[in-house]
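Enquirer: Produce the entire structure from the sequences given, and follow the hints as far as they go.
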Amino acid sequence: MRSTTKMDDRGRVFIPKRIREAAGLSEGSTLSISVDGEGRIILTPQPSIAERFRGIVKVERWPRDLDEFLNEALRRWWSSHST
28 MRSTTKMDDR GRVFIPKRIR EAAGLSEGST LSISVDGEGR IILTPQPSIA
78 ERFRGIVKVE RWPRDLDEFL NEALRRWWSS HST
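If you're matching positions, the sequence shown starts at 28 in our numbering and goes up one per residue.
Read the hints as simulated data drawn from the structure, not as lab findings. The structure presented is a predicted model; accordingly, all values stated were derived computationally and were not measured. Cβ coordinates follow ideal geometry from the N, Cα and C atoms, glycine included.
Pairwise CB distance ranges, derived in the manner of DEER restraints: (1) F41 to S75: 17 to 25 Å; (2) S107 to E54: 30 to 38 Å; (3) S53 to K33: 16 to 24 Å; (4) M34 to H108: 35 to 43 Å; (5) S30 to W104: 38 to 46 Å; (6) M28 to N98: 28 to 36 Å; (7) I60 to H108: 26 to 34 Å; (8) R67 to F96: 33 to 41 Å; (9) N98 to A49: 27 to 35 Å; (10) S107 to S61: 30 to 38 Å.
Expert: The structure is reproduced here in structure tokens:
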């Protein structure tokens, strides 16, 4: 499946709905971006932290947004240990 899109003045690229649906992307999806040897840009969906640990870690109740929760916890940890 292919589509053509444009980049705006801030470097943002719109991914058409049919492409997002085919790739299983939704708002907040994390993508890895790279450039191959021929200059092609490659976007690869990355699993969220929650998806990577679901089923491995047993918890009473998951936070609504585990990625946001863990990022905030890491930020607090780094700020308290960077002195």
